[in-house]
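**Student:** Chain by chain, the residues:
There are 2 protein chains.
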Amino acid sequence: MIVKAYAAKAPEKSLEPFEYELGDIGADQVDIDVSSCGICHSDLSMLDNHWDITEYPIVPGHEIAGTIRAVGKGVTHLTPGQNVGLGWFAESCMTCQQCLSGNHNLCPDAVGVIVGRHGGFADRVRAHKGWVIPLPAGVSTKTAGPLFCGGITVFNPIVQNNVRPTDRVAVVGIGGLGHMALRFLNAWGCEVTAFSTSPDKESAARDLGAHNFVNTADSGALEKLAGHFDMILVTVNVALDWDAYIGALSPKGKLHIVGAAPSVEATVFPMILGQRSFGGSPLGSPATMASMLDFAARHVIEPVTEAFPMSKVNDALEKLRSGKPGHRIVLENDF
Amino acid sequence: MIVKAYAAKAPEKSLEPFEYELGDIGADQVDIDVSSCGICHSDLSMLDNHWDITEYPIVPGHEIAGTIRAVGKGVTHLTPGQNVGLGWFAESCMTCQQCLSGNHNLCPDAVGVIVGRHGGFADRVRAHKGWVIPLPAGVSTKTAGPLFCGGITVFNPIVQNNVRPTDRVAVVGIGGLGHMALRFLNAWGCEVTAFSTSPDKESAARDLGAHNFVNTADSGALEKLAGHFDMILVTVNVALDWDAYIGALSPKGKLHIVGAAPSVEATVFPMILGQRSFGGSPLGSPATMASMLDFAARHVIEPVTEAFPMSKVNDALEKLRSGKPGHRIVLENDF
Chain U
1 MIVKAYAAKA
11 PEKSLEPFEY
21 ELGDIGADQV
31 DIDVSSCGIC
41 HSDLSMLDNH
51 WDITEYPIVP
61 GHEIAGTIRA
71 VGKGVTHLTP
81 GQNVGLGWFA
91 ESCMTCQQCL
101 SGNHNLCPDA
111 VGVIVGRHGG
121 FADRVRAHKG
131 WVIPLPAGVS
141 TKTAGPLFCG
151 GITVFNPIVQ
161 NNVRPTDRVA
171 VVGIGGLGHM
181 ALRFLNAWGC
191 EVTAFSTSPD
201 KESAARDLGA
211 HNFVNTADSG
221 ALEKLAGHFD
231 MILVTVNVAL
241 DWDAYIGALS
251 PKGKLHIVGA
261 APSVEATVFP
271 MILGQRSFGG
281 SPLGSPATMA
291 SMLDFAARHV
301 IEPVTEAFPM
311 SKVNDALEKL
321 RSGKPGHRIV
331 LENDF
Chain L
1 MIVKAYAAKA
11 PEKSLEPFEY
21 ELGDIGADQV
31 DIDVSSCGIC
41 HSDLSMLDNH
51 WDITEYPIVP
61 GHEIAGTIRA
71 VGKGVTHLTP
81 GQNVGLGWFA
91 ESCMTCQQCL
101 SGNHNLCPDA
111 VGVIVGRHGG
121 FADRVRAHKG
131 WVIPLPAGVS
141 TKTAGPLFCG
151 GITVFNPIVQ
161 NNVRPTDRVA
171 VVGIGGLGHM
181 ALRFLNAWGC
191 EVTAFSTSPD
201 KESAARDLGA
211 HNFVNTADSG
221 ALEKLAGHFD
231 MILVTVNVAL
241 DWDAYIGALS
251 PKGKLHIVGA
261 APSVEATVFP
271 MILGQRSFGG
281 SPLGSPATMA
291 SMLDFAARHV
301 IEPVTEAFPM
311 SKVNDALEKL
321 RSGKPGHRIV
331 LENDF
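Residue numbers (my numbering), protein chains in the order written: chain U, 1 to 335; chain L, 1 to 335.
Possibly wrong hints are sitting among the right ones.
A pair counts as met if it fits within one copy or between any two copies, since identical chains are not told apart.
Unchecked claim - No farther apart than 20 Å at their CA atoms in a straight line, the calculated lysine to any residue pairs in the SDA-like style are these: (1) K252 with S263; (2) K129 with I53; (3) K129 with D31; (4) K73 with G138; (5) K252 with E223; (6) K129 with R206.
No lab work stands behind these hints: they were computed from the structure. Keep in mind it's a predicted model, so treat the numbers as computed, not measured.
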């Protein structure tokens, strides 16, 4: 079967139409007709080979929503015609300690959809049955794609850190990830604070569910919030004044990083005194993705998206490269 | 009532006999006849005013075991003659969100036994009833003192991080704190590894409960253990190669610091990919101390102690200042 796609043949090149042969479907595999595919900063990093793992030509795209076209003979829980999504990972070993513990996202042999294989800027994509997640009623194939990477990246810390509806949570950065975090946390019942250096985003942040907005460029803004937050979720990938952020944590509070700032440096004593900690996490497991989708459906949470036809993929990439949209750009399959 | 004690009148001075008037006992207070009192590095820090909070003259000592002499009229759960212990904190507000949540050790108004008041290098000490913890049968007033500061400092992270008996845990540093951590973790059922730069401590570490011993001065020692540990408990107060230690954590693993190294600097990406984190904690709550004592009694765990008569306090302090004992020095009341 021939897949029609858009691929880059070298770093920083425009994408061009590209076709490849998918081969026979494996017993445990699922083929998806792509409806739409979000664009993530990780697509840009892979296009430009920032992580030294890109194989060219590369077909980016790992925020995929679509409809099952075919399933392998070992797939019994999914059926053609079903609406599904697929995120960063296409498969994992299913048998290591992490996979067997439900932490498939931490499998050392997990394979990225666009790492050594082709992704969702295409009419079709293939993945292992364990990573193809059904969309509940009410979750649209037009907008669900970004939930499978940006969405799960911010939803997973809420689950992993046992955030409670009585908690006070801040989100640093109101962009492609942060805007979804505000929606999730508001529905989770938390006191939600948006941290941004762009005061013009206040109105949007409040519309997305923030009860408070803090311009962290204001001198002393963080100091006024000393000891306040049970979790601060960092979605930006820049160096921060880490001690000031840790100081804004309540006792037992956690600074959780999902934006890959290069490094973090912090004074130890305030962490000891307040039993504060910080860490990070990648995406989420298939089970957590299913929980997220149920939660999103129940609370009518979807990403804010701006649609481009897939044939305009280069325009869409240029828009993401040049700005910091407070939303997610999605390509609609027009092959 | 006159208390007989040993006090320093200025930084880096020897301790001298000192008496003070305790005054009437408050309704919620308990007076303890000191049997023995451990010496902690924090006593040295306070003696030398390293933290700028010392008031002179200072009577150090906050690892206290003894017998109740008197209780205030509001104390109904403790009785004179009962064996008890007292650690770093003498009181907390009992009504803030932390105290009411059982996290009295995180109370912002908690008062240290030797901060602005006098401690356990004395024949008697006074504290709030909430912080005076009964010793179960089998826990001796001769050796229990160090459990109340060094002991709870390493026991609390096991509880707070939900360490399970199936976990693999490393302890960095086999000294006054680390040796107790090895005993607790062995009894907890974990795979226990001792990390030290002193290969001559291997035999003692194994006797204390370590299943494995790693000389972290060996080149590549940590790299061989990549991904291994669910928790690494740092009891030393020096800068480490943080990235190497974080690399030795399993997915979801935690680097937990109780030795107050000045600062920590770490690369973020490995923390995100493996959902690793790091943090610290101070001592423990009264409820956790009671749990620790029950656990210690059931498993016959006590600190390794070397006893000095309290009248030889200056010799004992000198021994702690000049070495890195793999045990705890305890003063026995000989007033």
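**Student:** If a hint holds in the structure, say so; if it does not, say that too.
**Tutor:** So, going through the hints one by one against the coordinates:
1. For the identical chains of this complex, K252 and S263 are inter-copy neighbours only, at 19 Å across copies versus 22 Å inside a copy, given an alpha-carbon limit of 20 Å.
2. Within a single copy, K129 and I53 get their C-alpha atoms no closer than 24 Å, and across copies no closer than 61 Å, so neither meets the 20 Å cut-off.
3. In this assembly of identical chains, the alpha carbons of K129 and D31 lie at most 20 Å apart only when taken from the same copy (9 Å versus 67 Å across copies).
4. In this assembly of identical chains, K73 and G138 lie within 20 Å of each other by CA distance neither inside one copy nor across copies; the values are 29 Å within and 64 Å between.
5. Taking CA atoms no more than 20 Å apart as the test, K252 paired with E223 passes inside one copy only; the shortest distance there is 18 Å, against 30 Å between copies.
6. In the homo-oligomer, the alpha carbons of K129 and R206 never lie at most 20 Å apart, since the shortest distance is 38 Å inside one protomer and 47 Å across protomers.
The structure fails hints 2, 4 and 6 (numbered hints given earlier, in ascending order).
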